[in-house]
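**Student:** Residues per chain are reported as follows:
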Amino acid sequence: MSGSVRPRLSCEWLHACSGCEIALLNCGERLLALLERVEIVHFPLLMDHKYSDRGDAAEIALPEAEIGLVSGGVASEEHLAVLRAMRRQCRTLVALGTCATHGGIPALRNQWPVDQAMGTVFSGVGGNNTYPVEVPAPLDRVYSIDEQVTVDLCVPGCPPRPETIVAVIEALLAGEKPPLPNKSVCETCPTVRAGKGQRTVHRFLANADYDPRAPVAEMRCLLEQGLLCMGPVTAGGCGGPDAPLCIRARVPCRGCYGPVRPGGNPLLDMLNGLASNGIDHRTIVDRRSLLRFSGAHGLLKPLGRRG
Amino acid sequence: MTQVISIHPVTRIEGHARIDIHLDESGRVSDARLAIAALRGFEQFVVGRPAEEIPRIVSRICGICPWMHHLAAVKAIDGCFGVAPPAAGHLLRELCQVLAHIHDKILHFFFLAAPDFVLGPDGDYSVRNIMGLVKREPELAARVVRMRQLGQTMLERFAGKAIHPVAGVVGGFAKPMVDAERRELVRDGRILLDFACSALDYAKDQVFPRFREEMQSLGTITTGFLGTVDQQGALRLYDGQLRLMRADGAMVEFAAGEYEQYLAEQVEPWSTAKMVYARCWDEGFSLNPDAPKGVYRVNTLARLNVCDRIATPRAQTELEAFRAQFGRPAQGTLLAHWARLIELVYACERTLEVLADDRIVDPMVRTPATPRAGRGIGHVEAPRGTLIHDYTTDDNGCITRANLIVGTTHNIAPMNLSVRRAAASLIAEGEVDAAILNRIEMAVRAYDP
Numbered sequence: 005m006s007g008s009v010r011p012r013l014s015c016e017w018l019h020a021c022s023g024c025e026i027a028l029l030n031c032g033e034r035l036l037a038l039l040e041r042v043e044i045v046h047f048p049l050l051m052d053h054k055y056s057d058r059g060d061a062a063e064i065a066l067p068e069a070e071i072g073l074v075s076g077g078v079a080s081e082e083h084l085a086v087l088r089a090m091r092r093q094c095r096t097l098v099a100l101g102t103c104a105t106h107g108g109i110p111a112l113r114n115q116w117p118v119d120q121a122m123g124t125v126f127s128g129v130g131g132n133n134t135y136p137v138e139v140p141a142p143l144d145r146v147y148s149i150d151e152q153v154t155v156d157l158c159v160p161g162c163p164p165r166p167e168t169i170v171a172v173i174e175a176l177l178a179g180e181k182p183p184l185p186n187k188s189v190c191e192t193c194p195t196v197r198a199g200k201g202q203r204t205v206h207r208f209l210a211n212a213d214y215d216p217r218a219p220v221a222e223m224r225c226l227l228e229q230g231l232l233c234m235g236p237v238t239a240g241g242c243g244g245p246d247a248p249l250c251i252r253a254r255v256p257c258r259g260c261y262g263p264v265r266p267g268g269n270p271l272l273d274m275l276n277g278l279a280s281n282g283i284d285h286r287t288i289v290d291r292r293s294l295l296r297f298s299g300a301h302g303l304l305k306p307l308g309r310r311g
Numbered sequence: 013m014t015q016v017i018s019i020h021p022v023t024r025i026e027g028h029a030r031i032d033i034h035l036d037e038s039g040r041v042s043d044a045r046l047a048i049a050a051l052r053g054f055e056q057f058v059v060g061r062p063a064e065e066i067p068r069i070v071s072r073i074c075g076i077c078p079w080m081h082h083l084a085a086v087k088a089i090d091g092c093f094g095v096a097p098p099a100a101g102h103l104l105r106e107l108c109q110v111l112a113h114i115h116d117k118i119l120h121f122f123f124l125a126a127p128d129f130v131l132g133p134d135g136d137y138s139v140r141n142i143m144g145l146v147k148r149e150p151e152l153a154a155r156v157v158r159m160r161q162l163g164q165t166m167l168e169r170f171a172g173k174a175i176h177p178v179a180g181v182v183g184g185f186a187k188p189m190v191d192a193e194r195r196e197l198v199r200d201g202r203i204l205l206d207f208a209c210s211a212l213d214y215a216k217d218q219v220f221p222r223f224r225e226e227m228q229s230l231g232t233i234t235t236g237f238l239g240t241v242d243q244q245g246a247l248r249l250y251d252g253q254l255r256l257m258r259a260d261g262a263m264v265e266f267a268a269g270e271y272e273q274y275l276a277e278q279v280e281p282w283s284t285a286k287m288v289y290a291r292c293w294d295e296g297f298s299l300n301p302d303a304p305k306g307v308y309r310v311n312t313l314a315r316l317n318v319c320d321r322i323a324t325p326r327a328q329t330e331l332e333a334f335r336a337q338f339g340r341p342a343q344g345t346l347l348a349h350w351a352r353l354i355e356l357v358y359a360c361e362r363t364l365e366v367l368a369d370d371r372i373v374d375p376m377v378r379t380p381a382t383p384r385a386g387r388g389i390g391h392v393e394a395p396r397g398t399l400i401h402d403y404t405t406d407d408n409g410c411i412t413r414a415n416l417i418v419g420t421t422h423n424i425a426p427m428n429l430s431v432r433r434a435a436a437s438l439i440a441e442g443e444v445d446a447a448i449l450n451r452i453e454m455a456v457r458a459y460d461p
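Top to bottom, those sequences are chains A and B. Taking our numbering, the leading residue of the first sequence gets 5, the next gets one more, and so forth. Taking our numbering, the leading residue of the second sequence gets 13, the next gets one more, and so forth.
Here chain A stands alone, though its shape is the one from the complex (with noise of 0.2 Å):
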């Protein structure tokens, strides 16, 4: 890919919060060395590139691109539309982010059905049934992208480091395999493990134990402690050669980058992990929540009739 042609790269943004984007300009000097290597041609956070260049609303045209990037889960027709027309027009399309590939916080909502969602969004507002008529139809629930089009990569993180983003990049643009991180949160810790820890968990309410003028490697373990901590069953990577992000902030994991086990179920993957040590599943409070991030793919239905 050299030449004067630069290859194209096409970014979209679906059910998302835009903490992708900002994880990658805050890539700094590397990101303008990427910016000259390629073409940017859709990126609504940063160029006027429209969907239709005749004002028409209900036209979705995009343009062909060698790398596309789909930040967010898919929770709307529009949503939908989008994505078909990226699948498309890139020819090697990248999903980021833990939405777009495990459905993320927004997938939460998955535990209501649509109408009970919406209904409590919009109650007390206006008196009763107010609720927005003329926007894009919600679909009955939140799916990662793969669950809607073949995705050619999965790079979650919520967000992706920044350097693992434009590693990524750079990888697609040399035609190599993008090198990411395989390891658990556990296996890129290094908190103190003694092997014999509380046989309870509790809630987050008192800071853990520690020296705050030692470095995180003198901490004990925090599951140890304790303190509910994903890190056994999530994708690690977020602190790259160094300690886990949350954990630098002496804050137990609560499994942003998804299951390590490719398919994995965190909610099962962590009841039998905290099991086999001996550790009390039954003082989580909020069990589901151990599917926080990862509620696309069905892990996260509705219950019954539970508020």
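A hint or two may mislead.
Not everything, but these chain B residues come out facing chain A in the computed CB check (under 7 Å) [claimed, not checked]:
hint : residue
1    : 13
2    : 21
3    : 23
4    : 62
5    : 137
6    : 161
7    : 172
8    : 178
9    : 187
10   : 188
11   : 279
12   : 326
13   : 328
14   : 329
In short, the hints are calculated from the structure, not lab data. Glycine residues also receive a C-beta, built at the ideal position from the N, C-alpha and C atoms.
Please arrange chain B on chain A, whose structure you already have, making use of the hints.
**Tutor:** For chain B alone, kept in the frame of chain A given last:
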């Protein structure tokens, strides 16, 4: 024949939006609407979650201002559980709040808005962006990219995660600051203040004078304003009283916990974002462009209009100069950019001020909390405007009800008025081109939605 022209998506803003411009048979603008499409249902899916987990969930409302959602939620959950953080806990939270404002303001002004001003609003869309700015002004662009990254790096170094933070916790903060961290942050904070002052000087010397007319007229409307001030009427971003100003300058002040007496929400069928209006004005809500009712603005211009002063020296000097030129309240929509750069200076000065307080290195940063039934209302000033989180918990300390009023929500109504105003003044006899449509978008970009 009537016609609808859509701008879809609105670009160089930090979210998803569409503008529909309705033209009548004679090609005049009969209506123009900005629809924000972002229903994610946070108010539903926080229900049942343990309250202390909420600040790590609602940060995902916005990847650009996750710290503000994180901190508004943390303050609200303090209220639910009836726990008061120690002084260092509050100082560390405020430090992160002002640092997060710094990266946002650099992002908005230079990456999103500046291409219109530096490369021209009517130019080729394929170069009217940050990539074009890098080519036109390589030294400036490189410095801007470095400075934004520096602000984010300072947050990440101290608080672990910069995007979707975790270090704010019910009762205070998850880790104390040590002296070495403090020294590094002071060093880098000085670099950022130096940059902020030169960014404002650059804009005042080389950017704004070329757009004197647009700054005062494009999409300009007459409304009230809402922001946060301390007991002395000085600008605040982390805590303080809400101050609501009418267009004629008359003001009322109230605590965030009383917001329901002063503000109310409204739903329109064409937007998933709720609209907020000033209930206490007793005039109801109307988007009639000739006689809007209940409409006020938030965000940078609003904050500078409602405050009596700014408690840091350089920003105060700039506020005085701004006020001398544009009056109080200043109504020009694009003046929000100018106000944004004054707030950037304030955020940098306040960073150094908070770091200079010796209590910030006190190891006592968190008061342990006990789950209980309660209600808590937390508020901060987000870059996009006043942000209110309101939660109720059950006996087990899990959420039973949530109401969130995010910064952009207050501005939906005024943005619609500005879009309508800009479209009506720029479109004559159905003649529309790319340059006109971009100028209409500029009226939206000023709000940083």
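**Student:** Are the hints correct? Go through all of them and say.
**Tutor:** Cross-check of the supplied hints:
no. : hint : in the structure
1   : 13   : violated, 14 Å
2   : 21   : holds, 5 Å
3   : 23   : holds, 5 Å
4   : 62   : holds, 5 Å
5   : 137  : holds, 4 Å
6   : 161  : holds, 4 Å
7   : 172  : holds, 3 Å
8   : 178  : holds, 4 Å
9   : 187  : holds, 5 Å
10  : 188  : holds, 5 Å
11  : 279  : holds, 4 Å
12  : 326  : violated, 26 Å
13  : 328  : violated, 31 Å
14  : 329  : violated, 31 Å
Hints 1, 12, 13 and 14, counting from the list given before, are not met by this structure.
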